[in-house]
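Colleague: Each protein sequence line maps, in turn, to chains A and B. In terms of the numbering used here, the first sequence opens at residue 1 and continues consecutively. In terms of the numbering used here, the second sequence opens at residue 1001 and continues consecutively.
Since the hints were derived computationally from the structure, they do not count as laboratory data.
Simulated crosslink set (DSS-like; lysine-lysine; CA at most 30 Å straight-line):
| hint | chain 1 | residue 1 | chain 2 | residue 2 |
| --- | --- | --- | --- | --- |
| 1 | B | Lys1133 | A | Lys56 |
| 2 | A | Lys56 | B | Lys1137 |
| 3 | A | Lys244 | B | Lys1169 |
| 4 | A | Lys198 | A | Lys229 |
| 5 | A | Lys29 | B | Lys1136 |
| 6 | B | Lys1013 | B | Lys1038 |
| 7 | B | Lys1133 | A | Lys29 |
| 8 | A | Lys56 | B | Lys1003 |
| 9 | B | Lys1003 | A | Lys244 |
| 10 | A | Lys168 | A | Lys229 |
| 11 | B | Lys1137 | A | Lys108 |
| 12 | A | Lys29 | A | Lys168 |
| 13 | B | Lys1133 | A | Lys244 |
| 14 | A | Lys56 | A | Lys229 |
| 15 | A | Lys108 | B | Lys1038 |
| 16 | A | Lys108 | B | Lys1136 |
| 17 | A | Lys159 | A | Lys198 |
| 18 | B | Lys1038 | B | Lys1133 |
| 19 | B | Lys1093 | B | Lys1013 |
| 20 | B | Lys1013 | B | Lys1003 |
| 21 | B | Lys1136 | A | Lys56 |
| 22 | B | Lys1133 | A | Lys108 |
| 23 | B | Lys1136 | B | Lys1038 |
| 24 | B | Lys1169 | B | Lys1086 |
| 25 | A | Lys198 | A | Lys108 |
| 26 | A | Lys229 | A | Lys29 |
| 27 | B | Lys1013 | B | Lys1169 |
| 28 | B | Lys1086 | A | Lys108 |
| 29 | A | Lys244 | A | Lys168 |
Covered, in the sense of this in silico footprint (three residues per stretch, anywhere, with C-beta under 8 Å from a C-beta of chain A), are these stretches of chain B:
| hint | region |
| --- | --- |
| 30 | 1094-1108 |
| 31 | 1142-1151 |
| 32 | 1171-1177 |
As the structure is a computational prediction, the values presented were derived from the model and not from experiment. Don't be surprised by glycine CBs; every beta carbon is placed ideally from N, CA and C.
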Amino acid sequence: MRTIKTTDITRNIREMCMEANYTLSPDMKRRLEEAREQESGTLGLQILNQLSENMKIAEAEQIAICQDTGMAVVFIELGQEVYIEGGSLAEAIEEGIRQGYQDGFLRKSVVRDPILRENTGDNTPGVLHYEIVPGDQLKLTLAPKGFGSENMSRISMLKPADGIEGVKQAVIEAVSLAGPNACPPMVVGVGIGGTFEKCAFLAKKALTRNTDEPSNIPYVAELEAELLKRINQLGIGPGGLGGKTTALAVNIETYPTHIAGLPVAVNICCHVNRHVTRML
Amino acid sequence: MEKYITLPLTEEKIRDLQAGDYVYLTGTIYTARDAAHKRMTEAYEQGEGFPIDLTNQTIYYLGPTPAREGQVIGSAGPTTSSRMDKYTPLLLKNGLRGMIGKGKRSQEVMDAMAEEGAVYFAAVGGAGALLSKCIKKAEVVAYEDLGTEAIRRLEVENLPVITVIDCQKHNLYETAVEEFQRTESIRDY
Ligand code: SF4
Chain A
1 MRTIKTTDIT RNIREMCMEA NYTLSPDMKR RLEEAREQES GTLGLQILNQ LSENMKIAEA
61 EQIAICQDTG MAVVFIELGQ EVYIEGGSLA EAIEEGIRQG YQDGFLRKSV VRDPILRENT
121 GDNTPGVLHY EIVPGDQLKL TLAPKGFGSE NMSRISMLKP ADGIEGVKQA VIEAVSLAGP
181 NACPPMVVGV GIGGTFEKCA FLAKKALTRN TDEPSNIPYV AELEAELLKR INQLGIGPGG
241 LGGKTTALAV NIETYPTHIA GLPVAVNICC HVNRHVTRML
Chain B
1001 MEKYITLPLT EEKIRDLQAG DYVYLTGTIY TARDAAHKRM TEAYEQGEGF PIDLTNQTIY
1061 YLGPTPAREG QVIGSAGPTT SSRMDKYTPL LLKNGLRGMI GKGKRSQEVM DAMAEEGAVY
1121 FAAVGGAGAL LSKCIKKAEV VAYEDLGTEA IRRLEVENLP VITVIDCQKH NLYETAVEEF
1181 QRTESIRDY
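Bound-form chain A, shown alone:
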């Protein structure tokens, strides 16, 4: 049994909110730079230059890369030998979000009720996903999600007969429809299999995976590469103004599914694909 204090959890989440919103992970930065070297669209290149400059300013001055600092999605992997001391785990996380968004000059973008729409004023609640895992550690991944791209995400309940071609079509279609609305270049998270809600969860989780690490299932890794290539042939380009950089990466996660189904979720993220992981 290992003890983790709720105050430590709050402090870490607070810092992670700021870190995620001021700086992107090294793989994301590198992909943007590579895109800049390869882009041949005139406006597209101009936009990539602005994005690169933007990231430098955000990091140097500790201001948000994008004004949509997102809804805080938190993946919690709690070791079953961990004892949480000092109150509720959920409340410790919410308090970290509250402090992070307040102290980090981040935008409060959450409304209490989807229909009544009154801003909660502190960006809580987040969306918390729990998983109980073996061990005595607590792994926290914070992924603030912007809604320009979230709004362009889709789920398709395909038939088994649709197969891999159906999956490809679903992904290409989602990206095409997202177009300029999702602030391309995008990162595309795909969940295949499971149930209706499981594939959506997988798609979201896929966005938090290092884009330098392809899937460890060979055919899925191939599918990731093929889809990225095909998406970048669409010509949508940076800002949707034409170019070869429509997506920076395609990450796919899979899960066993039912004999009658082939659920596919496409979670679109923009180039501001934010995620920070800490092990406590």
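We have chain A; now place chain B with the ligand onto it with these hints.
Modeller: Same frame as chain A, but now just chain B with the ligand:
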């Protein structure tokens, strides 16, 4: 083409702008996004009128992050414009000339733009830290209770935007992608 425009926009300036023009805007603009659009429309329908005079004005679809001490504003990039489509024709009928956002617009908005003489610019989505540098003054002028969604008056200097839809319904989102596909496929042979 690169153009430097001093606001407010006039009919003449708008006629001169073409989809594809890279434009630097200087002058006064207003911010408004979902909640402010809804409230402005309701106020109008109830006969109260708009909280700001829209004649020849430009609205930036923006909800900024809070400013750090000593800064004018926080991160300040565009939000997706299509969510404002439902409210936009009414604002255009009441004098609105320019809009800055990102993403596609509806046919109704494009029709109303052509009829009233208005232009739609895109700013680069996800470049809010960079764009904030062009904002020299920011002041809440209506709906303060909406927080980030309040209406702000901004003074901007050389704010970089791209003319996406001009008053003749040319739409860069369509033409730019087609154009790129054409030139790329030629290059592939
Ligand atoms: S889609 Fe991404 S880059 Fe665009 S406004 Fe939203 S968070 Fe920012």
